[in-house]
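Note that my numbering numbers the sequence shown so that position 239 is 275, with each residue one more than the last.
It is worth saying that the hints were derived from the structure and are not from the lab.
Heads up, some of the hints might be wrong.
[Said to hold, decoys possible] Using 25 Å as the maximum straight-line C-alpha spacing, the simulated DMTMM-like pairs for lysine to aspartate or glutamate come out as follows:
{"hint": "1", "residue 1": "K317", "residue 2": "E216"}
{"hint": "2", "residue 1": "K317", "residue 2": "D243"}
{"hint": "3", "residue 1": "K255", "residue 2": "D45"}
{"hint": "4", "residue 1": "K59", "residue 2": "E131"}
{"hint": "5", "residue 1": "K255", "residue 2": "E331"}
{"hint": "6", "residue 1": "K255", "residue 2": "E287"}
{"hint": "7", "residue 1": "K280", "residue 2": "D72"}
{"hint": "8", "residue 1": "K280", "residue 2": "E126"}
{"hint": "9", "residue 1": "K59", "residue 2": "E126"}
{"hint": "10", "residue 1": "K105", "residue 2": "D70"}
{"hint": "11", "residue 1": "K105", "residue 2": "D72"}
{"hint": "12", "residue 1": "K280", "residue 2": "E258"}
{"hint": "13", "residue 1": "K280", "residue 2": "D45"}
{"hint": "14", "residue 1": "K255", "residue 2": "E216"}
{"hint": "15", "residue 1": "K255", "residue 2": "E131"}
{"hint": "16", "residue 1": "K255", "residue 2": "E308"}
{"hint": "17", "residue 1": "K280", "residue 2": "D243"}
{"hint": "18", "residue 1": "K255", "residue 2": "D292"}
{"hint": "19", "residue 1": "K105", "residue 2": "E126"}
{"hint": "20", "residue 1": "K255", "residue 2": "E184"}
{"hint": "21", "residue 1": "K59", "residue 2": "E184"}
{"hint": "22", "residue 1": "K59", "residue 2": "D92"}
{"hint": "23", "residue 1": "K280", "residue 2": "D292"}
{"hint": "24", "residue 1": "K59", "residue 2": "D80"}
{"hint": "25", "residue 1": "K317", "residue 2": "D45"}
{"hint": "26", "residue 1": "K105", "residue 2": "D144"}
{"hint": "27", "residue 1": "K105", "residue 2": "D92"}
{"hint": "28", "residue 1": "K105", "residue 2": "E63"}
{"hint": "29", "residue 1": "K255", "residue 2": "D243"}
{"hint": "30", "residue 1": "K105", "residue 2": "E57"}
{"hint": "31", "residue 1": "K255", "residue 2": "D286"}
{"hint": "32", "residue 1": "K317", "residue 2": "E253"}
{"hint": "33", "residue 1": "K280", "residue 2": "E149"}
{"hint": "34", "residue 1": "K59", "residue 2": "E99"}
{"hint": "35", "residue 1": "K280", "residue 2": "E253"}
{"hint": "36", "residue 1": "K255", "residue 2": "D144"}
{"hint": "37", "residue 1": "K105", "residue 2": "D67"}
[Stated by the list, open to error] Computed beta-carbon distance windows for the label pairs:
{"hint": "38", "residue 1": "I112", "residue 2": "D292", "range": "45 to 55 Å"}
{"hint": "39", "residue 1": "W310", "residue 2": "A333", "range": "19 to 29 Å"}
{"hint": "40", "residue 1": "H106", "residue 2": "S146", "range": "19 to 29 Å"}
Positions of the beta carbon are idealized from the N, C-alpha and C atoms, including for glycine.
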Amino acid sequence: SDYRKFLGDSPDARYLTAPIESKYDYELTFDMGDADYLGVVIYDTNPLTGWNRATDSLYVLAENVGNAKHIRLASISSIDQTTNQADGLELQLSETAHTVMVRAYRFDGSVEENSHITIAVSSPTGSKSDITNQTRQHTSAGDALSVETRLANTSRFFNETWQGSRALARATAATANSFERPAEVSPDFVGIFYPTPDNSYHGGAFDLAPNEHLVIEGKAPEATFWSVTLQNHWMQSLAPSIGKASLRGDEIVLRDGRYRIWIGALPPPQGENWLSTGGLKQGLVAIRYLLATAEEAPSACVVQAADSMNEAIR
Numbered sequence: 037s038d039y040r041k042f043l044g045d046s047p048d049a050r051y052l053t054a055p056i057e058s059k060y061d062y063e064l065t066f067d068m069g070d071a072d073y074l075g076v077v078i079y080d081t082n083p084l085t086g087w088n089r090a091t092d093s094l095y096v097l098a099e100n101v102g103n104a105k106h107i108r109l110a111s112i113s114s115i116d117q118t119t120n121q122a123d124g125l126e127l128q129l130s131e132t133a134h135t136v137m138v139r140a141y142r143f144d145g146s147v148e149e150n151s152h153i154t155i156a157v158s159s160p161t162g163s164k165s166d167i168t169n170q171t172r173q174h175t176s177a178g179d180a181l182s183v184e185t186r187l188a189n190t191s192r193f194f195n196e197t198w199q200g201s202r203a204l205a206r207a208t209a210a211t212a213n214s215f216e217r218p219a220e221v222s223p224d225f226v227g228i229f230y231p232t233p234d235n236s237y238h239g240g241a242f243d244l245a246p247n248e249h250l251v252i253e254g255k256a257p258e259a260t261f262w263s264v265t266l267q268n269h270w271m272q273s274l275a276p277s278i279g280k281a282s283l284r285g286d287e288i289v290l291r292d293g294r295y296r297i298w299i300g301a302l303p304p305p306q307g308e309n310w311l312s313t314g315g316l317k318q319g320l321v322a323i324r325y326l327l328a329t330a331e332e333a334p335s336a337c338v339v340q341a342a343d344s345m346n347e348a349i350r
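Take these sequences, add in the hints, and give me the full structure.
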């Protein structure tokens with residue numbers, strides 16, 4: 037799939053996904069194009085909980101790509117085999133691996149259009165059988181799977197999406213307008229939403245009256261890229277008619293290395309960072325720090341009326 041606006045999408049990234057099976061070897065071939073960053077993650081099913089989880093991942097920065105143009109996804113049967121990865125990279129597939137996801141970023145927020153990624157499945161003898169339509173810019177490995185497997189994967193995916201999103205909404209309602217982790221949300225549970233290991237995640241839920249703002253404050257991270265995005269309870273990024281619902285780190289005004297962002301339907305005091313809810317009363321705040329080497333957890337509080345704004349920013 038070359039489109040994704042669910043389960044915590046980032047407006048700054050293009051998402052590509054393909055179904056996989058552990059009995060096959062695959063090869064991803066990529067051209068960075070105008071992308072600054074490619075992140076690749078393998079997801080499987082936890083045999084103990086039955087929940088989705090990330091099991092292996094890697095990333096490629098355009099400045100360091102060199103001759104690495106291929107990524108091998110190695111099946112269980114080939115893990116012990118000696119392979120020459122001098123011109124490529126490798127990820128391992130577990131027995132229950134089911135999805136590979138690639139994210140392409142441009143750090144300045146411009147539309148990433150020129151990266152070229154294909155996936156092919158290798159036969160047991162090692163010869164590659166290309167299963168992609170080479171005339172398409174982004175391709176799927178789905179043709180390598182049986183109809184039954186694809187139907188089962190689709191059913192599981194949408195069931196987990198529906199059930200997980202509803203469970204998350206219930207859990208975060210108890211801690212709305214704060215960044216406290218709900219007691220019901222465990223690391224295993226979060227796997228439902230296809231997290232990416234290269235990101236550090238912060239945030240929570242908001243529940244605001246029309247004249248209220250959620251004011252979040254934090255120290256700017258030392259990270260390759262970072263952003264703050266508003267989402268609905270289905271974890272889809274918002275697209276308000278007035279204002280922006282997502283800000284990159286390079287768009288956020290800092291004071292002494294710290295940021296303050298006002299979240300609400302109304303504009304904040306002049307000169308302050310604003311994320312517009314577009315009138316949505318309830319939703320989620322997603323803060324992502326990509327490849328962070330130093331970070332602090334941000335905080336949040338509610339400012340209830342316009343006459344309290346000046347007091348809040350003193």
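So, going through the hints one by one against the coordinates:
1. Only pairs whose Cα atoms come within 25 Å are accepted, and K317 paired with E216 is accepted, the gap being roughly 19 Å.
2. Restraint check for K317 and D243: the C-alpha separation of about 6 Å stays at or below 25 Å, so the hint holds.
3. With a C-alpha separation of about 23 Å, the suggested pair K255 and D45 falls inside the 25 Å cut-off, and the hint holds.
4. With a CA separation close to 8 Å, the supplied pair K59 and E131 stays within the 25 Å bound.
5. A threshold of 25 Å between alpha carbons decides the hint, and for K255 with E331 the separation of about 7 Å falls inside it, so the pair holds.
6. For the given pair, K255 sits about 15 Å from E287 by alpha-carbon distance, which is consistent with the 25 Å threshold.
7. Note on K280 and D72: the hinted pairing holds, with a Cα-Cα distance of about 23 Å set against a maximum of 25 Å.
8. For the given pair, K280 sits about 38 Å from E126 by alpha-carbon distance, which is inconsistent with the 25 Å threshold.
9. A threshold of 25 Å between alpha carbons decides the hint, and for K59 with E126 the separation of about 16 Å falls inside it, so the pair holds.
10. The suggested pairing of K105 with D70 holds, with an alpha-carbon distance near 15 Å, which does not exceed 25 Å.
11. Annotation: proposed proximity of K105 to D72 holds, straight-line Cα distance about 14 Å (limit 25 Å).
12. With a CA separation close to 24 Å, the supplied pair K280 and E258 stays within the 25 Å bound.
13. For the suggested pair K280 and D45, the alpha carbons sit about 15 Å apart, so the restraint of at most 25 Å is met.
14. Between K255 and E216 the alpha-carbon distance is near 17 Å, which keeps this suggested pair within the 25 Å criterion.
15. Restraint check: the Cα-Cα separation between K255 and E131 comes to about 41 Å, which exceeds 25 Å; the hinted pair is violated.
16. Under the criterion of a C-alpha separation no larger than 25 Å, the hint pairing K255 with E308 is consistent with the structure, at around 16 Å.
17. Only pairs whose Cα atoms come within 25 Å are accepted, and K280 paired with D243 is accepted, the gap being roughly 18 Å.
18. A C-alpha spacing of about 9 Å is found between K255 and D292, which places the hinted pair at or below 25 Å, so the restraint holds.
19. This hinted pair checks out: K105 and E126 have alpha carbons roughly 11 Å apart, not beyond 25 Å.
20. Distance restraint check for K255 and E184: the Cα-Cα separation of roughly 49 Å exceeds the 25 Å cut-off, and the hinted pair is therefore not satisfied.
21. Of the supplied pair hints, the one linking K59 and E184 holds, its CA atoms being roughly 16 Å apart against a limit of 25 Å.
22. Annotation: proposed proximity of K59 to D92 holds, straight-line Cα distance about 16 Å (limit 25 Å).
23. Taking the CA atoms of K280 and D292, the gap is about 24 Å. The hint holds against a cut of 25 Å.
24. As the CA atoms of K59 and D80 are separated by approximately 13 Å, the hinted pair is consistent with the 25 Å bound.
25. A hinted pair counts as satisfied when its Cα atoms are at most 25 Å apart, and K317 with D45 qualifies at roughly 20 Å.
26. Taking the CA atoms of K105 and D144, the gap is near 23 Å; set against the 25 Å cutoff, the hint holds.
27. Restraint check: the Cα-Cα separation between K105 and D92 comes to about 18 Å, which is no more than 25 Å; the hinted pair holds.
28. With a C-alpha separation of about 10 Å, the suggested pair K105 and E63 falls inside the 25 Å cut-off, and the hint holds.
29. Restraint check: the Cα-Cα separation between K255 and D243 comes to about 24 Å, which is no more than 25 Å; the hinted pair holds.
30. With a C-alpha separation of about 22 Å, the suggested pair K105 and E57 falls inside the 25 Å cut-off, and the hint holds.
31. As the CA atoms of K255 and D286 are separated by approximately 14 Å, the hinted pair is consistent with the 25 Å bound.
32. In summary, the hint linking K317 to E253 is supported, as the alpha carbons are separated by about 21 Å, within the 25 Å threshold.
33. This hinted pair checks out: K280 and E149 have alpha carbons roughly 22 Å apart, not beyond 25 Å.
34. The straight-line distance between the Cα atoms of K59 and E99 is roughly 34 Å, outside the 25 Å bound, and the hint therefore fails.
35. A distance of roughly 18 Å separates the Cα atoms of K280 and E253; the hinted pair therefore holds under the 25 Å criterion.
36. Distance check on the hinted pair: K255 and D144 sit about 21 Å apart at the alpha-carbon level, within 25 Å; holds.
37. In summary, the hint linking K105 to D67 is supported, as the alpha carbons are separated by about 7 Å, within the 25 Å threshold.
38. Remark: the range hint 45 to 55 Å for I112 to D292 is upheld by a beta-carbon distance near 52 Å.
39. Checking the proposed 19 to 29 Å range against W310 and A333 shows it holds: the Cβ atoms sit about 22 Å from each other.
40. Between H106 and S146, the C-beta spacing of about 27 Å keeps the proposed range 19 to 29 Å intact.
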